[in-house]
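S.K.: Residue-level listing of the chains:
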Amino acid sequence: MLKDTGEEEPTSLEEIAMLSMEFGRILMESGASARIVDEIVCGTASRLGAERVDLRVGYASLEITIGIGGEGITRMRKVGPIGVNQRLDHEVRLLAARVASSAASACAAREELTRLVRQTPRYPGWLIDVSVGLACAAFGRLLGVDWMAVGPVFVSASIGQAFRRGLARRQVNVFIAATLVAFVAAALSGLWARWLGSRTVDTAMTAAVLLLVPGVPSLNAQNDILEGRPTLGSARAVWVAVTLVFLTVGVWLGQLLLGEGRP
Amino acid sequence: MIDTAQLLHHTACGGVAAIGFGVLFNIGPRALLWCGASGALALAVRTTGLQLGWSLEAASFSAALAVGSAVQILQERIGVSRNTLDVAGCIPMVPGGFAAKAILGLFALTASSPQAPDQTLLQSVGGALRVMFTIGAMGTGLAIPSLLLRVRRSR
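Residue numbers (our numbering), protein chains in the order written: chain A, 1 to 263; chain B, 1 to 155.
The shape of chain A in the complex, shown without the other chains (with noise of 0.2 Å):
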């Protein structure tokens, strides 16, 4: 819970600048679009006492100015790696209204923001593996996949899933996890459905790594774009790009194991 602390002094302008960046920050790296941390930093540093406010969101930083009366600073905030966390997000903007409606310490926002981020709850490792490769078996029957390859994609992409999440704990590059996830899971799905004698070995190798798809970034890539934030908006459409070009090479490298590409 936010408790005021009811302390008299203005929260100072440095303070007001890194807190509110903190909001945006997280926000960015649980996947918001820019549209939102604009409007939650702007809102956050004006409710603790800043007159004037200007944000640059980029995709590795935040820069913010503020300003009270004659004075001003200008500070800038790394961005980590963006993920997608819908309930940190959620969970963040909530707090930012909380801040408004409260009038509570800056104080008081900094806990309880570093609450969120430590006890945001999330679902256990092997529910979110099942849970991608039943995403793709569907995702697999969308793209014409045969019910023989039904369970080659889901088990393939539950596997891949928890690769994935394996790599990531070893901090691996993304764009080599990408590469590496998309092998294991297009190879396996693809033998497994060849072995069943499914007609839809192609399809299914590509049904098992759509869980690497960025699908996230790529609508906000579009979204910053259309709300006026082409620089953004065109460095998420590049990740993407590349993203892809990385999983790609996963599915041929698989294809080439099982004799289905064109070396």
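The hints are simulated quantities; they were obtained by calculation from the structure and are not laboratory data.
Using N, Cα and C, we set each Cβ at its ideal position, and we do this for glycine too.
Do not rely on the hints blindly, as some may be mistaken.
Now the in silico label distances, taken between C-beta atoms and shown as ranges [said to hold, decoys possible]:
#1 A:Ala241 <-> B:Gly53: 28 to 38 Å
#2 A:Gln171 <-> B:Pro114: 53 to 63 Å
#3 A:Gly49 <-> B:Gln51: 27 to 37 Å
To give an idea of the chain A side of the interface with chain B (calculated C-beta under 7 Å), a few residues [as the list claims (entries may be wrong)]:
#4 His90
#5 Leu94
#6 Phe139
#7 Val213
#8 Gly215
#9 Ser218
#10 Leu219
#11 Trp252
#12 Leu253
Following the hints, complete the assembly by docking chain B onto the known chain A.
M.R.: Chain B only, in chain A's frame:
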């Protein structure tokens, strides 16, 4: 002519795919059901459009517009963030399979003696354009309801 069995099948697959990716994106348990509904709605509209002979881009645009509009109407009642429902609903329509096939086709062109290079190039470029236009159509379909609502609020 609408093939009801295929429509129901695609609707169910859209719902399952949206819920599956909802878990990956750490969407809360209560919101997961709404994500499933959002994905099912998207695939129902897209499949209907495709069965009526629309292009993939037009069907995807209509589906995204339907999801975006439904989310705008229901969002405050169900208490789930708009972005969450938009994204989860449209994820099953992201043409990742087409993108992978287009890039694989381009890889095939770099072989020392590619087979039917003209046809491969045409298929790859066609696939890549289809991916770009489909994602563009989805993003635009999702953005229109929220942009219109913002204009109304600002008046």
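S.K.: Now tell me, hint by hint, if it's right for this structure.
M.R.: Hint-by-hint comparison with the structure:
1. Ala241 of chain A and Gly53 of chain B have their C-beta atoms about 31 Å apart, which keeps the hinted 28 to 38 Å range intact.
2. A hinted range of 53 to 63 Å for the beta carbons of Gln171 of chain A and Pro114 of chain B is inconsistent with their spacing of about 38 Å.
3. The supplied range of 27 to 37 Å is broken by Gly49 of chain A and Gln51 of chain B, whose beta-carbon atoms lie about 57 Å from each other.
4. Because the smallest distance between the Cβ of His90 of chain A and any Cβ of chain B comes to about 5 Å, under 7 Å, the interface hint for this residue holds.
5. The criterion of a C-beta within 7 Å of any C-beta in chain B is not met by Leu94 of chain A, whose closest approach is roughly 9 Å, and the hint is violated.
6. Checking Phe139 of chain A against chain B: minimum C-beta separation of about 6 Å stays under 7 Å; hint holds.
7. Below 7 Å, beta-carbon pairs count as interface contacts, and Val213 of chain A has one with chain B at about 3 Å; its hint therefore holds.
8. Using the Cβ-Cβ criterion of 7 Å, the hint placing Gly215 of chain A at the interface with chain B is satisfied: the shortest such distance is roughly 4 Å.
9. Contact between Ser218 of chain A and chain B, as hinted, is supported at the beta carbon level, the nearest pair being about 6 Å apart and thus within 7 Å.
10. Here the hint on Leu219 of chain A is kept, as its CB sits about 6 Å from the closest CB of chain B, short of 7 Å.
11. The beta carbon of Trp252 of chain A is positioned within 7 Å of a beta carbon in chain B (closest approach about 6 Å), and the interface hint is therefore held.
12. For Leu253 of chain A, the shortest C-beta to C-beta distance to chain B is roughly 10 Å, which exceeds 7 Å, and the interface hint is violated.
Hints 2, 3, 5 and 12 from the list above are not met by this structure, while the remaining hints are.
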